[in-house]
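Undergrad: Whole structure, please, built from the sequences with the hints as guidance.
There are 2 protein chains.
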Amino acid sequence: MYSEKGKYSVEVCFSPLSWPLFEKDNTVVIITDIFRATTSICAAFQNKVKSIIPVADIEESIAYKEKGYIVSGERDGKKLECAEFGNSPFNFMEPGLQNKTVVMNTTNGTQAIKMVQKGDNLVCMGAFSNRDAICNWATAQKRNIIIFCAGWKNRFSLEDSLFAGSAVDYIIKNGNGDFHTMCDSAIASVDMWEEAKSNPRQYIEKAAHRHRLRKMGLDDILDYSMQLNINQCVPVLKGIEIVDIA
Amino acid sequence: MYSEKGKYSVEVCFSPLSWPLFEKDNTVVIITDIFRATTSICAAFQNKVKSIIPVADIEESIAYKEKGYIVSGERDGKKLECAEFGNSPFNFMEPGLQNKTVVMNTTNGTQAIKMVQKGDNLVCMGAFSNRDAICNWATAQKRNIIIFCAGWKNRFSLEDSLFAGSAVDYIIKNGNGDFHTMCDSAIASVDMWEEAKSNPRQYIEKAAHRHRLRKMGLDDILDYSMQLNINQCVPVLKGIEIVDIA
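Residue numbers (our numbering), protein chains in the order written: chain A, 2 to 247; chain B, 2 to 247.
These are calculated hints, taken from the structure and not from any lab test. Misleading hints may appear alongside valid ones.
You can't tell identical chains apart in this list, so a pair holds if it fits in one copy or across any two.
[Said to hold, decoys possible] With a straight-line cut-off of 20 Å between C-alpha atoms, the simulated SDA-like cross-links for lysine to any residue are:
| no. | residue 1 | residue 2 |
| --- | --- | --- |
| 1 | Lys154 | Leu22 |
| 2 | Lys25 | Gly240 |
| 3 | Lys119 | Pro21 |
| 4 | Lys80 | Lys154 |
| 5 | Lys207 | Glu195 |
| 6 | Lys207 | Asp133 |
| 7 | Lys154 | Pro21 |
| 8 | Lys119 | Lys174 |
| 9 | Lys6 | Arg213 |
| 10 | Lys154 | Pro17 |
| 11 | Lys207 | Val237 |
| 12 | Lys25 | Ala134 |
| 13 | Lys154 | Leu18 |
| 14 | Lys6 | His212 |
| 15 | Lys6 | Lys207 |
| 16 | Lys154 | Phe23 |
| 17 | Lys154 | Met183 |
| 18 | Lys115 | Leu223 |
| 19 | Lys6 | Asn177 |
| 20 | Lys8 | Lys207 |
| 21 | Lys79 | Gly97 |
| 22 | Lys207 | Gly178 |
| 23 | Lys66 | Gln99 |
| 24 | Lys207 | His181 |
| 25 | Lys79 | His212 |
TA: Below, the structure is given as structure tokens:
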């Protein structure tokens, strides 16, 4: 798996700080923010939400709200004042959101989406919940792939890196021999996945963010967020919107 | 090990890019650059070199050379024109260097040393070759510890992170109950060490840097650099010099 064979590369960027070292043209970028942006985006599309507009600034969220949009958002796990609800995946499962567009603003995830929103890259959203679906779509694009971990305030995050490892592992094993990696962060994340894969939910108990969630009373989303392949969503950025192209 | 018990923390900074997120006062910083700065610094002290002056700029190396200093140095694995020799640990084992001061300039390691060279932090150099010695000294200082991986051009590096994992593991198990970690990068690096520790030399075969070394014809240092506890050096930064205080 660690050979230089396979005409396309798969790499892992552990934090937004490192993005300038990885940024290239003509790649597929899979953004992941397990707790909680990308898990919630997949939950939304499973619930037939029409589209999601990711925004990074609170002022932008307020402006959308004034135009009549449904606005969700949080900072450091707390609902934004301008938002109708926070970023828990459960919030996006409400039947009233079906066929609606939601404006989303999160601490790390939407910031990451804004960073890569340029050039000719194909940008999509990955989570444990849609891992196989998003990886199958990514490999079918026949381009180099970068998995971009949103992290926590520019820090390395265990849950995002663990997802990255599971995705690299899947892509290399199921990518028709087209993919290789020579990226140390990809190799390390696959090793984490090797250790975690028999019970990812248990593995993540030791993550710093898991303690952060518990302190904020938000650990109800853990069981949901660590489940593999519970939907088939392929959330892809098209212009300013994320839509499900599955 | 992942509890909040233990009054001092141990954290791992995966790359110089992330250093601003970790930088604090009153800590012990263990810098590691396995291929090759810190491994070579330990080899030098085992050979009774008197001191090492780390420099980051080539102009500075040239200025020291003009003052009559012995200058070593490389960029991207190639010897600097102004240097008498490169940064292989074997170069530092020459008997002629005993009781001498050597000025050292490396691609990643000395750059990292310069970054942390301020404030009241205690700065020391760790490698597989002096792991127990440096960790025992670090824990005895009764301060928070940060392991700073020099990486490769600001990227995550498998060998430096693997050393970090082995050091965190040792510090928590042998730190008299004084140390804990709540740092995701520390947790991930310990997991890497768990997978690698039965044969670190074999594990590192998959690292990108290992391929880089092979291409440059420098892979003769691999066996040497991956050996655990072959010396008892405690290289500590004192002013502008690194000295062995063991």
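Undergrad: Taking the numbered hints from earlier one at a time, note which ones the structure violates and give those numbers from smallest to largest.
TA: 6, 8, 11, 12, 18, 21
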